[in-house]
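2 protein chains.
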Amino acid sequence: MARPRDFIEEDVLQKAICVFWRKGYKGTSMQDLVDGLGISRSSMYDTFTDKHTLYVKALETYQKKSNQQLCDIFENAPSAKAAIKQLFELTINDILNDGEHKGCFLVNTEIEVSHKEDVKDLVSQSVSILENAFYQTILRGQENGEIGERHDALALSRLMSNIIKGLQVSAKTITDKTYFDGIIKATLAILD
Amino acid sequence: MARPRDFIEEDVLQKAICVFWRKGYKGTSMQDLVDGLGISRSSMYDTFTDKHTLYVKALETYQKKSNQQLCDIFENAPSAKAAIKQLFELTINDILNDGEHKGCFLVNTEIEVSHKEDVKDLVSQSVSILENAFYQTILRGQENGEIGERHDALALSRLMSNIIKGLQVSAKTITDKTYFDGIIKATLAILD
Numbered sequence: 051m052a053r054p055r056d057f058i059e060e061d062v063l064q065k066a067i068c069v070f071w072r073k074g075y076k077g078t079s080m081q082d083l084v085d086g087l088g089i090s091r092s093s094m095y096d097t098f099t100d101k102h103t104l105y106v107k108a109l110e111t112y113q114k115k116s117n118q119q120l121c122d123i124f125e126n127a128p129s130a131k132a133a134i135k136q137l138f139e140l141t142i143n144d145i146l147n148d149g150e151h152k153g154c155f156l157v158n159t160e161i162e163v164s165h166k167e168d169v170k171d172l173v174s175q176s177v178s179i180l181e182n183a184f185y186q187t188i189l190r191g192q193e194n195g196e197i198g199e200r201h202d203a204l205a206l207s208r209l210m211s212n213i214i215k216g217l218q219v220s221a222k223t224i225t226d227k228t229y230f231d232g233i234i235k236a237t238l239a240i241l242d
Numbered sequence: 051m052a053r054p055r056d057f058i059e060e061d062v063l064q065k066a067i068c069v070f071w072r073k074g075y076k077g078t079s080m081q082d083l084v085d086g087l088g089i090s091r092s093s094m095y096d097t098f099t100d101k102h103t104l105y106v107k108a109l110e111t112y113q114k115k116s117n118q119q120l121c122d123i124f125e126n127a128p129s130a131k132a133a134i135k136q137l138f139e140l141t142i143n144d145i146l147n148d149g150e151h152k153g154c155f156l157v158n159t160e161i162e163v164s165h166k167e168d169v170k171d172l173v174s175q176s177v178s179i180l181e182n183a184f185y186q187t188i189l190r191g192q193e194n195g196e197i198g199e200r201h202d203a204l205a206l207s208r209l210m211s212n213i214i215k216g217l218q219v220s221a222k223t224i225t226d227k228t229y230f231d232g233i234i235k236a237t238l239a240i241l242d
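First to last, the sequence lines map onto chains A and B. Heads up, this note's numbering is the position in the first sequence plus 50, with the first residue counted as 1. Heads up, this note's numbering is the position in the second sequence plus 50, with the first residue counted as 1.
Bear in mind the hints are in silico, worked out from the structure with no lab data behind them. Among the hints, erroneous ones may be present.
Which copy is meant is left open, so a pair is good if it fits within one copy or across any two.
Unchecked claim - Each computed EDC-like pair below joins lysine to aspartate or glutamate, with the alpha-carbon atoms no more than 20 Å apart:
no. : residue 1 : residue 2
1   : Lys115    : Glu196
2   : Lys131    : Glu59
3   : Lys76     : Glu150
4   : Lys235    : Glu199
5   : Lys166    : Glu125
6   : Lys227    : Asp85
Let's have the full structure, built from the sequences with the hints guiding it.
As structure tokens, this is what we get:
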């Protein structure tokens, strides 16, 4: 009979997210994972097979949380514009509150690991979910007159998602809140 | 007397850009550099000290070329809007013509290596040059009525630079030209 696990997989995956986010895919060694996860090397191999499989599981866990956050914002905001404003403000707050300047785990992954097909599929899935959330919200805003119709809703939703990605790159080197506030203001003005 | 070098430093740096761009900072080993640069390991150490120093020199070389390209566009385009359009189109063409989907060497560096102060400084310098080119062009366009005044010129120039960064992230996973064309069209409409 296999020995029961003495750890909770969900907790270990949260720790794996931290290690991979901080050190990147290539920069994370098995020893970094042993040190960071607090489980034995053999438990790690038994449960997660190898570094790549663990990375994919960590990424899936991160995505679930981030999609949930997205749903909460887009379903509960009082208006289309308010939802978009909240998402940008949350993004900037997360950026500025992270003293380690890790950026966004998903954007870092898109840059570093999208040559791996399974990772690329996960990233594309997340991008689609974000762009679809923008699209539905922009359509709703255009229908009720809250958002102008100068822009095509699909192109605008893709533009918004690319601005978010750009901000998350800038977060690696810029810590000045006024820099990001100015960009958000200009972004929201596009919706008028 | 030191033995004269049997290679041209500029050529070796071009090859170093290719290796680092393809494999990333952490993913590039000294053996990858020996294989990719076509010079001996001892010549590499004698001339470039270590991997980090070589990365910085390669990045500087890449920046010089990319700043020159930027100057050419912004100085020679027939109008402010045409300059901005050309820069976006060049970015997308470069993205779509790269079968390896390497993205932008500078954006990849901003994500992966900006915890190193010397690299961060170089990245910040490049971002400033890009944003200043946008700023001067947008100001000029606003003065002559070509670009609308709904947006603050500084915030708009930063927004443009963040859109470029976003597109260069998306280039890692998206190859559909219509996706990027739609975003460019929406971006240029912001300037009306």
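First find the shortest C-alpha distance between Lys227 and Asp85 inside one copy, then the shortest across copies, and answer within, between, both or neither for a cut-off of 20 Å. neither (34 Å within a copy, 44 Å between copies)
When Cα atoms must be at most 20 Å apart, do Lys115 and Glu196 count as within-copy, between-copy, both, or neither? neither (29 Å within a copy, 44 Å between copies)
Alpha-carbon proximity between Lys76 and Glu150, which holds within one copy, between copies, both or neither at 20 Å: Classified as both; 18 Å inside a copy, 18 Å across copies.
Alpha-carbon proximity context of Lys131 and Glu59, limit 20 Å: neither (38 Å within a copy, 53 Å between copies)
Is it within, between, both or neither when you check Lys166 against Glu125 at 20 Å Cα-Cα? neither (33 Å within a copy, 40 Å between copies)
Pop the pair Lys235 and Glu199 into one bin, within, between, both or neither, using alpha-carbon distances up to 20 Å. both (19 Å within a copy, 14 Å between copies)
In this structure, the earlier hints numbered 1, 2, 5 and 6 are contradicted, and the remaining ones agree with it.
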